[in-house]
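Visitor: Please dock the two separately framed chains into a single complex, following the hints provided.
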Amino acid sequence: MSDNRRISFRNPADESFSTKLILVALTLVFLAFFLFLPLVSVFYEAFREGWVTYEEALLEPDAWAAIQLTLTVAAIAVPLNLVFGLAASWAIAKFEFKGKAFLITLIDLPFSISPVISGLVYVLLFGSGSLLGPFLKSYGIEILFAVPGIVLATVFVTFPFVARELIPLMQEQGTGDEEAALSLGASGWQTFWYVTLPNIKWGLLYGVLLCNARAMGEFGAVSVVSGRIRGLTNTMPLHVEILYNEYNMVAAFAVASLLALLALVTLALKTFLELRFGAGAAGGRH
Amino acid sequence: MEVKINNIRKEFDRFAALNDVSLNIASGELIALLGPSGSGKTTLLRLIAGLDFPTAGQIFFGEEDASRHSVQERNVGFVFQHYALFRHMTVAQNIGFGLKVRPSASRPPKSEIKKRVSDLLDMVQLSGLENRYPNQLSGGQRQRVALARAMAIEPRILLLDEPFGALDAKVRKELRRWLREFHDRTGHTTVFVTHDQEEALELADRVVVMSQGKIEQVGSADDVYDRPQSPFVFSFIGESSHLPVEVKNGTVLFQGEPIGISEKTDAAGDLFFRPEDVVLTDEKDALFGKVTACRRLAGTRIAEIDIANNGHDPFHVEVEVPLHAPVELGSEARFRPTRWKIFNK
Chain A
1 MSDNRRISFR
11 NPADESFSTK
21 LILVALTLVF
31 LAFFLFLPLV
41 SVFYEAFREG
51 WVTYEEALLE
61 PDAWAAIQLT
71 LTVAAIAVPL
81 NLVFGLAASW
91 AIAKFEFKGK
101 AFLITLIDLP
111 FSISPVISGL
121 VYVLLFGSGS
131 LLGPFLKSYG
141 IEILFAVPGI
151 VLATVFVTFP
161 FVARELIPLM
171 QEQGTGDEEA
181 ALSLGASGWQ
191 TFWYVTLPNI
201 KWGLLYGVLL
211 CNARAMGEFG
221 AVSVVSGRIR
231 GLTNTMPLHV
241 EILYNEYNMV
251 AAFAVASLLA
261 LLALVTLALK
271 TFLELRFGAG
281 AAGGRH
Chain B
1 MEVKINNIRK
11 EFDRFAALND
21 VSLNIASGEL
31 IALLGPSGSG
41 KTTLLRLIAG
51 LDFPTAGQIF
61 FGEEDASRHS
71 VQERNVGFVF
81 QHYALFRHMT
91 VAQNIGFGLK
101 VRPSASRPPK
111 SEIKKRVSDL
121 LDMVQLSGLE
131 NRYPNQLSGG
141 QRQRVALARA
151 MAIEPRILLL
161 DEPFGALDAK
171 VRKELRRWLR
181 EFHDRTGHTT
191 VFVTHDQEEA
201 LELADRVVVM
211 SQGKIEQVGS
221 ADDVYDRPQS
231 PFVFSFIGES
241 SHLPVEVKNG
251 TVLFQGEPIG
261 ISEKTDAAGD
271 LFFRPEDVVL
281 TDEKDALFGK
291 VTACRRLAGT
301 RIAEIDIANN
311 GHDPFHVEVE
321 VPLHAPVELG
331 SEARFRPTRW
341 KIFNK
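Residue numbers (the UniProt record's numbering), protein chains in the order written: chain A, 1 to 286; chain B, 1 to 345.
Chain B extracted, bound-state conformation (with noise of 0.2 Å):
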């Protein structure tokens, strides 16, 4: 099922929670909505589920204009943040609510409800667990029994508030994949909500990176990492460094000195780079600053550069150097970026 979000606003007691949203989701897609806490993102997925009404906007499901429709009617697979399971109904009912509290025209018969449980409990990889109550479940159990609550009603669109919030790092991480070819099979449209932009880049199609209530990029996790629209998205999606920069005849300036990169079209603003697309080097034209702090990761070391700013607190980047090369703290330390992009003020 195709989603149209057409200019979609919300208030909560005159404060806009989303401000003009528009997003189009294409049918059978994995989508992530990815921001920091109060960019909107949750109320966004409320608003498509139908559990929020907006102030102002439509959303369209396919050709139907399902802000006009309650939730009930809407038909949407909605899975918690704490799962929401009914405490008094073991694993079986819970799934089969949503058959059971069908009109009498078109619920099934107890049989067919039955097979249809023990079917989903096969799909989420639960079966045997029928006849237990959710306190009776660890935490990755809970999370397949609420999705197979929600598959049961044959939903339109799937949809996911922090699916993986409240599992730890392990669990969460096979829960992932699991929930990747879940998706592939079953090939429902479907918009998750998440912090973790580790989780929103390996999982989703497309990545919709919220701040303040409005969409800053929309991408793939190649888009959006590779090619930030905006400041935010390159400062919130993986690590960054920013510094105050002039562009004058096509040569980039820092601090009115050249740093031996160049733009094409001249401007004032902030040039951004992440710490792996820096290149040490001995030229005069370069960023400099000293080593405050030096950290291995992995293969590499990251060190932590202040660069001196006319008396004012330093700027302070960092920056991927070589396991070998000689930066050591307290030194001086010449960089260029490789790759970077300058924001106009």
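In isolation and in its complexed conformation, chain A is listed as follows (with noise of 0.2 Å):
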């Protein structure tokens, strides 16, 4: 009684090989075409005229001012977030109030608007027609056109990243550690240090590198607030366009690499902490 026939039995969510090969194929062509093909043009243009063009057009000193001006944005807007991020989400997640849900609108606020909206607002407020724009002047105190103004703008952008990210995993976890951690007699501080904080540190990480790439990137709000200022309000993204329409390639894409070459960090760091931290907790929504 043996039967040698082979019967092969498939899963019944499989396709049959066509199919995923079909499947397959589609993707990476369109990945090939959207994604790497620009990608690999911006560092061939970056390079085209060689590597000393490349180094020149970074260090040409309005370049390097919009560097170093991106960076200090970032560098105030990112932990000015992540300290919002982190109370706005504990008290979100922690406690119970009237209001939450209207709060938890507001957070998404900056996702739903258009960044240039999110500029113009700041026009409004601090511009030469508005109220507080001439006041603060008087005091000698220059909010557009000038390096708070790109700051507000940029805050405003990304600050429901770091929130976003944390109040999920805040909500799934509970206060059951925290009220461990005080009827072990732990102040509030140390339990935020000893508890909370190593509870949620790979989430905020997450957080903290995606507000960052989009501090580093933002174009349209901090377009429209910053007046465009060689060497003094220009920020990457703006310079890249400026040269971009000074038709000097080379310049416009090695600073365009630069970028790039951020957000292609900032994926390998997600990559690299989803790894380490399980699926669940990394994937946020945004």
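Please keep in mind that the hints were generated in silico from the structure rather than gathered at the bench.
Here the structure is a predicted model, which is why all the values come from computation and not from measurement.
Ideal placement from N, C-alpha and C gives every residue a C-beta, glycine not left out.
Be aware that a few hints might be false.
Unchecked claim - In silico contact screen, one side only, chain A against chain B (beta carbon under 8 Å); selected entries: (1) Leu58; (2) Glu60; (3) Pro61; (4) Glu179; (5) Ala180; (6) Ser183.
To be verified - Here are the simulated lysine-lysine pairs, DSBU-like style, with alpha carbons at most 30 Å apart: (7) Lys201/A x Lys94/A; (8) Lys264/B x Lys201/A; (9) Lys248/B x Lys345/B; (10) Lys110/B x Lys100/B; (11) Lys110/B x Lys201/A; (12) Lys100/B x Lys94/A; (13) Lys264/B x Lys173/B; (14) Lys98/A x Lys201/A; (15) Lys94/A x Lys248/B; (16) Lys270/A x Lys94/A; (17) Lys284/B x Lys248/B; (18) Lys290/B x Lys341/B; (19) Lys270/A x Lys20/A; (20) Lys110/B x Lys248/B; (21) Lys284/B x Lys201/A.
Guide: Here it is as structure tokens:
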């Protein structure tokens, strides 16, 4: 009674080989065309005239100023949003209060508003025709077309990232660990430092990475408030556009390649965190 | 440490989770708060710990008004239902946490903490697992780490929220016995919350039966089982049946007919009795009904009997009968309670 016919059972959810091939091929073609090709072309254009030209383009005073400004803005905006995001998600996840749903909606606001509008809001608030603008100017404080305006716009655009990452994580974790720490005699700060923070550190780092990537790459809102004064209020994305409009391709792509590099580093870090951290926690919604 | 709970009331959004609850706990006692979910037992435990604050009333630890103090100041050991172990710390770090976070004046030196941790691990029989993380432990081991962590701060009282709730039946029984021994050895005043009456009756010196934010009865296992003081306690603890009766001239009447038992005072109320406190009889004055089901229970049988109710839904009672008694499905059974209690309406 031996039956040597080979019966192959297929997983009901499985597809035939050709279907798989077509699906994979489609994805690859799409990725190659829309992602890989542009990325390669950025680096290709940047290095077309050699490493020396590339280096010169980056060290050119205006480009260097743009790089410095971008780093400065990110260095201010990201820590601010780290603190804000932590505070907001702590409040939302660990306490019950009225208007919570409304607060969550408010935190999401920058995602739903066009960045240009976000920038315009600050022009209306601090412009020469506004109440605040001339008042602050009389004390010698420049907001618009200066670094403070760029920082404000960047903070506004990037503030959901950390909070959005932490809220679901902290809600899932609940308050049990904190209560345990308190019952063991820990103070509020000790509880935060030894228990809450370690529990969310990977999610927090992930949120900060996303926030940083966006802070450095933000164009719309910053473009409205910056005034684009070369060497003074030009960030990297703005500088790329200016160079491009001046047909200075190599320089434009050189600066662009730096931004792209930053994106790649972020992506690599994110992947590393996900591996380290398990699939669940780093997989935020944005 | 003696604990006095005076007229505690706790409201959540106007809903009274606890209503005028008072309780005295003697030093060194092992007390169970027993009740169905929503009875307020966990709320009471959290109030004692200081994890919640009462709307009204006071809690005394000895002579000291603990309700004025925060959870940190109360120095209580709290074991959470799902343990709440710090997942990023090792077993040793978890247990030493309460000592590490002390202000520098009262913090023991590192070597001392290490020694205390290893003593505690010994005590909960987990030596050798110092460097494990909580997710590398079984449920029962986590429970014991949580207990050791709570004991590390030398608490004045020990509070446990459903300590065996998340464990499987076998580990549950082992840990139950182990906790009793642990308590007898350390002598801490201990309060634990449970919805499992077997656990409460077996483990506790006294059981506090709670329902709907109130204490129904406080007493030893014998008290609450043999002398229940309210219809709730009678039906919540153990098995029981009840029937509406009247008492006239000392005779208990069911549906106007005598059933062969007597009471001292006349009344109208519910007659409660347990399945095992019943005797089969041939006498005329008795309860009788149709046997609808019979199930074997260890050395005896439980007969389910429907007593006719003038065309309404029949009264359903359960009685224990000897294995060889002539009680058969569909036949009529006559019986009398031998021990009972009538609660007035």
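Visitor: Look at each hint and say if it fits the structure.
Guide: These are the hints, each one checked on the structure:
1. Residue-level restraint check for Leu58/A is violated (minimum Cβ-Cβ distance to chain B is 41 Å; threshold 8 Å).
2. Proximity of Glu60/A to chain B is violated relative to the hint, the smallest CB-CB distance being about 47 Å (cut-off 8 Å).
3. A cut of 8 Å between beta carbons decides the hint on Pro61/A: the least distance to chain B is about 47 Å, and the hint is violated.
4. Hint on Glu179/A holds. Least Cβ distance to chain B is approximately 6 Å, under the 8 Å limit.
5. Because the beta carbon of Ala180/A sits about 4 Å from the nearest beta carbon in chain B, less than 8 Å, this interface hint is met.
6. With its C-beta approaching chain B no nearer than about 4 Å, Ser183/A sits inside the 8 Å limit, and its interface hint holds.
7. Taken as a hint, the Lys201/A and Lys94/A pair is honoured in the structure, with Cα atoms around 17 Å apart against an allowance of 30 Å.
8. This hinted pair does not check out: Lys264/B and Lys201/A have alpha carbons roughly 71 Å apart, beyond 30 Å.
9. Under the criterion of a C-alpha separation no larger than 30 Å, the hint pairing Lys248/B with Lys345/B is consistent with the structure, at around 15 Å.
10. For the proposed pair Lys110/B and Lys100/B, the alpha carbon gap of about 8 Å is at most 30 Å, so the pair holds.
11. Using a Cα cut-off of 30 Å, the hinted pair Lys110/B and Lys201/A holds, with the two alpha carbons roughly 26 Å apart.
12. Taken as a hint, the Lys100/B and Lys94/A pair is honoured in the structure, with Cα atoms around 25 Å apart against an allowance of 30 Å.
13. Proposed proximity of Lys264/B and Lys173/B is contradicted: the alpha carbons are some 43 Å apart, above 30 Å.
14. At roughly 28 Å between alpha-carbon atoms, Lys98/A and Lys201/A fall within 30 Å of each other, so this suggested pair holds.
15. Our distance criterion of 30 Å between C-alpha atoms is broken by Lys94/A and Lys248/B, whose separation comes to about 60 Å.
16. About 27 Å separates the Cα atoms of Lys270/A and Lys94/A, which keeps this hinted pair within 30 Å; it holds.
17. Taking the CA atoms of Lys284/B and Lys248/B, the gap is near 18 Å; set against the 30 Å cutoff, the hint holds.
18. As the CA atoms of Lys290/B and Lys341/B are separated by approximately 24 Å, the hinted pair is consistent with the 30 Å bound.
19. A C-alpha spacing of about 28 Å is found between Lys270/A and Lys20/A, which places the hinted pair at or below 30 Å, so the restraint holds.
20. Our distance criterion of 30 Å between C-alpha atoms is broken by Lys110/B and Lys248/B, whose separation comes to about 76 Å.
21. Proposed proximity of Lys284/B and Lys201/A is contradicted: the alpha carbons are some 78 Å apart, above 30 Å.
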